[in-house]
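There are 2 protein chains.
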Amino acid sequence: MHVEITREYINQVEEAIERQDKGFILETMSEMYAADITTVLYELDANESKYVMDLLPPEVGSEILSDLDYDIRTDFLQHFTTKEIARYVNLMDSDDAVDILNEQTVQRREEIIALLDEDRTAAILDLLHYEEDCAGGLMAKELIKVNLNWRVRQCIEEIRRQAEDVARIYTVYVVDNRDILLGRVSVKNLLLSKDDVLIKDIYNPDVISIESYKDENEVVALMQKYDLESIPVVNIQGRLLGRITIDDVVDVMQEQAELSRQLMTGITENVEEDDSVYRISRSRLPWLIIGMVGGLLAAQFMGLFEADIAMLPAVALFVPLITATGGNVGIQSSSIIIQTLSSNTVIFEHFGQRMLKVLLVALLNAAIISMLVFGLTYLFRNDLTLSLVVSVALFSVVMLASLMGTLTPMVLDRFGINPAVAAGPFITTANDLLGLAIYFAVAHALYNL
Amino acid sequence: MHVEITREYINQVEEAIERQDKGFILETMSEMYAADITTVLYELDANESKYVMDLLPPEVGSEILSDLDYDIRTDFLQHFTTKEIARYVNLMDSDDAVDILNEQTVQRREEIIALLDEDRTAAILDLLHYEEDCAGGLMAKELIKVNLNWRVRQCIEEIRRQAEDVARIYTVYVVDNRDILLGRVSVKNLLLSKDDVLIKDIYNPDVISIESYKDENEVVALMQKYDLESIPVVNIQGRLLGRITIDDVVDVMQEQAELSRQLMTGITENVEEDDSVYRISRSRLPWLIIGMVGGLLAAQFMGLFEADIAMLPAVALFVPLITATGGNVGIQSSSIIIQTLSSNTVIFEHFGQRMLKVLLVALLNAAIISMLVFGLTYLFRNDLTLSLVVSVALFSVVMLASLMGTLTPMVLDRFGINPAVAAGPFITTANDLLGLAIYFAVAHALYNL
Chain A
1 MHVEITREYI
11 NQVEEAIERQ
21 DKGFILETMS
31 EMYAADITTV
41 LYELDANESK
51 YVMDLLPPEV
61 GSEILSDLDY
71 DIRTDFLQHF
81 TTKEIARYVN
91 LMDSDDAVDI
101 LNEQTVQRRE
111 EIIALLDEDR
121 TAAILDLLHY
131 EEDCAGGLMA
141 KELIKVNLNW
151 RVRQCIEEIR
161 RQAEDVARIY
171 TVYVVDNRDI
181 LLGRVSVKNL
191 LLSKDDVLIK
201 DIYNPDVISI
211 ESYKDENEVV
221 ALMQKYDLES
231 IPVVNIQGRL
241 LGRITIDDVV
251 DVMQEQAELS
261 RQLMTGITEN
271 VEEDDSVYRI
281 SRSRLPWLII
291 GMVGGLLAAQ
301 FMGLFEADIA
311 MLPAVALFVP
321 LITATGGNVG
331 IQSSSIIIQT
341 LSSNTVIFEH
351 FGQRMLKVLL
361 VALLNAAIIS
371 MLVFGLTYLF
381 RNDLTLSLVV
391 SVALFSVVML
401 ASLMGTLTPM
411 VLDRFGINPA
421 VAAGPFITTA
431 NDLLGLAIYF
441 AVAHALYNL
Chain B
1 MHVEITREYI
11 NQVEEAIERQ
21 DKGFILETMS
31 EMYAADITTV
41 LYELDANESK
51 YVMDLLPPEV
61 GSEILSDLDY
71 DIRTDFLQHF
81 TTKEIARYVN
91 LMDSDDAVDI
101 LNEQTVQRRE
111 EIIALLDEDR
121 TAAILDLLHY
131 EEDCAGGLMA
141 KELIKVNLNW
151 RVRQCIEEIR
161 RQAEDVARIY
171 TVYVVDNRDI
181 LLGRVSVKNL
191 LLSKDDVLIK
201 DIYNPDVISI
211 ESYKDENEVV
221 ALMQKYDLES
231 IPVVNIQGRL
241 LGRITIDDVV
251 DVMQEQAELS
261 RQLMTGITEN
271 VEEDDSVYRI
281 SRSRLPWLII
291 GMVGGLLAAQ
301 FMGLFEADIA
311 MLPAVALFVP
321 LITATGGNVG
331 IQSSSIIIQT
341 LSSNTVIFEH
351 FGQRMLKVLL
361 VALLNAAIIS
371 MLVFGLTYLF
381 RNDLTLSLVV
391 SVALFSVVML
401 ASLMGTLTPM
411 VLDRFGINPA
421 VAAGPFITTA
431 NDLLGLAIYF
441 AVAHALYNL
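Quick mapping for you: the protein sequence lines, in order, are chains A and B.
Residue numbers 1 to 449, in full-length UniProt numbering, belong to the letters of the first sequence in order.
Residue numbers 1 to 449, in full-length UniProt numbering, belong to the letters of the second sequence in order.
Okay, chain A solo, but in the shape it has when bound (with noise of 0.2 Å):
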């Protein structure tokens, strides 16, 4: 059943452990989904988690373990033994299986590995050779491939052979003798022929695989593009290797977000509110620590000016307006660029055409903002000098920050970077000194300083 889980429930089942009630817990769980489960032991500290789990049956602490966010998962194995890890792996899909080893050190790896059923050590060990960002790190040896001149009664005893391991079946993969991909037949198509046909004449030659090699972004941009529910996996020469499902695309893509969001709000690592305060307190010191350099960057860089300020206080005045809105278009900037970027789909024109775009964007609202802010200071303090120098220096922040704002992104993926840290504090930082340089510049030409 699918339940809402309630503080009032959390607050139960820790009762219940507390006074080692293993009726109420079982009772309750016994009718949950794994992943509702799994929302209750995020709630509950690690020994807590430990006693649920040993209670539950090992099939639902496999799919737990395998729904678990990485760092709370590694934090979480420390209180169980390599025997018992091996025996939630064992009953594992091969790709979350791979997850899991990832995350120990060297030698638990290989105390659990040594551990496994036989016949699961070499899918296993196979998978591990893959970099985890790329194709092969997020298939799974689990599916269903038939050979060419099978015919239809074979493929069902062959799924039904595999029925248990192959959880969800999609799309069935057909294969010659030596194991290279050629197609596909649906289990609806299967269903609809007679058991004594080739599947020669009823599998669809057209079938959309990716290299084992491919990086996770190609994987979800594929997926996406083509709407696919699975992918086969294959090697250079064209072989089967493995398969990943939607559900594993939809957790990378949500991670990705996440990841993008974080970058480009100066956390530094994946936090959530219900983490302990030292750890939020600690993802957000380091952006703080480099927007505070900048700032006493920016006051030893004005102090040169400090006579000048003295004698012309107004100056000072728009120093807020001239910093703000260089971060802004910044930001602004690198968030299209950074658009284009995380696409794969976009077809590029040539660099100068997209600069002068950039350039022409950037003219329009330079000019817009900077006669807006003529017009007003002019109104609001009648001094002509002033005006232009908080306008001249406004239009140039604007062309110059989205200049910077465009090229900073493409320069960091260049460099195989994550641009999404240029969106964030660094653009902005950046941009506060750049914007104080010119505005100081034109105030000393424009007055004679």
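Among the hints, erroneous ones may be present.
A pair holds if it fits inside one copy or across any two, identical chains being indistinguishable in the list.
Stated by the list, open to error - Under the rule of at most 27 Å between Cα atoms (straight-line distance), these lysine-lysine pairs were calculated in the DSSO-like manner:
#, residue 1, residue 2
1, Lys145, Lys194
2, Lys50, Lys225
3, Lys200, Lys22
4, Lys22, Lys357
5, Lys357, Lys145
6, Lys145, Lys50
7, Lys83, Lys22
8, Lys214, Lys200
9, Lys83, Lys200
10, Lys214, Lys145
11, Lys50, Lys22
12, Lys200, Lys145
13, Lys83, Lys50
14, Lys83, Lys145
Just so you know, the hints here were simulated from the structure itself, not pulled from any lab data.
Got chain A; can you put chain B on it based on the hints?
Chain B alone, transformed into the frame defined by chain A:
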């Protein structure tokens, strides 16, 4: 065949259209997936696209139309007669058909509906009743349902009958005589069962469904949590109305990620790099103007202290440090609370406990940052009062920006506004003003100005 679309190919297509070379277009595109042709059309203008669409088989054209982005599709369909649109809509899944109808003016919509095949009209009129962003608005009518009392043989007949309409089955839904959803049976189970077995003996009564009025975010959360590739939609009585498939949910996730990125970076429309200069510029201006007004208000406010700045220009030097730190802290705080608000799976602690934690994190970071700033300022400027003013103000700014950054998204969410609005220029602008007020208040107090 899955092909890489190159700029060269686009140019060749454009030239072929120019010289009315139907052969080249048909020959190259007949081998391509609809999704790849869509990529090509994005690079052509509306008239060129229309020329290509007229050459393609209507089945391919209807897939392309279903694929297109909302805003492009609206421009695009201006060039088609209602009769042409109706022909495509007739071939689409009902959910895509309804999306397109919803994008038309009322008159055009009625005209198209009048031209649809009779057997489709009822399903489509029914779907038009639902809001676009609820489960009912996402579902399609195409699904396979079987009666509890049927035998496997009848199910297979039903699947055969609907084979063309329901491309991907995933799950066969089991209903009673009144269409109440009772459970599910997988195609695999049907394949492995004897023809005369009763459905009631093999079906799984454990099925996760969602009511039609539930928000699309709940659909995404449920399907992701339970790793579903499709979910049945029911009314309040439990009657089966339709189903939502994972490919639509993946699109919703993608849209939401893009929407929050845009909100966070101060972009008001869904723009991409290859949109027009005018459109990109227009999407960016509103937040630039709001930031500008904030900056001018800051200037007005600081103007109150113009005489003080003239006397003590050193105070002005630290304005960028104060505003930047306030901005960074505010964005970080809202990022964390927005993540909690957008995930439906988190169980809230009591409001008081959550605020206590926010304050503890703020306290820790504020203490570290302001001590560092105190030390560094004293080191560089050797001025105890100034160092004290800056660090006390910074401490208060971090505390207040944390509170504001946390509370603003919560309040917006309560009023049904997307809290991501608060993670961008809004928080930054508000924090700039707040920070300045604190800073000058502290300076005034400590300097006895």
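Task: Status of lysine 145 relative to lysine 83 across identical chains (alpha carbons, at most 27 Å) - done: Answer is neither; intra-copy 32 Å and inter-copy 45 Å both fail.
Open item on the list: When Cα atoms must be at most 27 Å apart, do lysine 214 and lysine 200 count as within-copy, between-copy, both, or neither?
Closed with: neither (29 Å within a copy, 45 Å between copies)
TODO: At 27 Å max between alpha carbons, let me know whether lysine 357 reaches lysine 145 within a copy, between copies, both or neither.
DONE: Neither way: lysine 357 and lysine 145 sit 50 Å apart in one copy and 53 Å across, limit 27 Å.
Open item on the list: At most 27 Å between CA atoms: does that hold for lysine 83 and lysine 22 within a copy, between copies, both, or neither?
Closed with: Intra 23 Å, inter 67 Å, cutoff 27 Å: intra-copy only.
- [ ] Go through the copies and call it for lysine 22 and lysine 357: within, between, both or neither, with a Cα cutoff of 27 Å.
- [x] Neither: 67 Å inside a chain and 33 Å across chains, both beyond 27 Å.
Task: Homo-oligomer pair classification [lysine 145, lysine 200; C-alpha up to 27 Å] - done: within (13 Å within a copy, 30 Å between copies)
- [ ] Go through the copies and call it for lysine 200 and lysine 22: within, between, both or neither, with a Cα cutoff of 27 Å.
- [x] neither (55 Å within a copy, 34 Å between copies)
- [ ] Go through the copies and call it for lysine 145 and lysine 194: within, between, both or neither, with a Cα cutoff of 27 Å.
- [x] both (19 Å within a copy, 23 Å between copies)
TODO: Go through the copies and call it for lysine 83 and lysine 200: within, between, both or neither, with a Cα cutoff of 27 Å.
DONE: neither (45 Å within a copy, 41 Å between copies)
TODO: Can you give me the call for lysine 50 and lysine 22, within, between, both or neither, at a CA distance of at most 27 Å?
DONE: For lysine 50 and lysine 22, the Cα distance is within 27 Å only inside one copy (13 Å; across copies 68 Å).
- [ ] Measure nothing new, just compare the shortest in-copy and cross-copy C-alpha distances for lysine 50 and lysine 225 to 27 Å and report within, between, both or neither.
- [x] between (42 Å within a copy, 22 Å between copies)
Open item on the list: For lysine 145 and lysine 50, with the copy left unspecified, which applies at a CA distance of at most 27 Å: within, between, both, or neither?
Closed with: neither (38 Å within a copy, 42 Å between copies)
Hints 3, 4, 5, 6, 8, 9, 14 from the list above are not met by this structure, while the remaining hints are.
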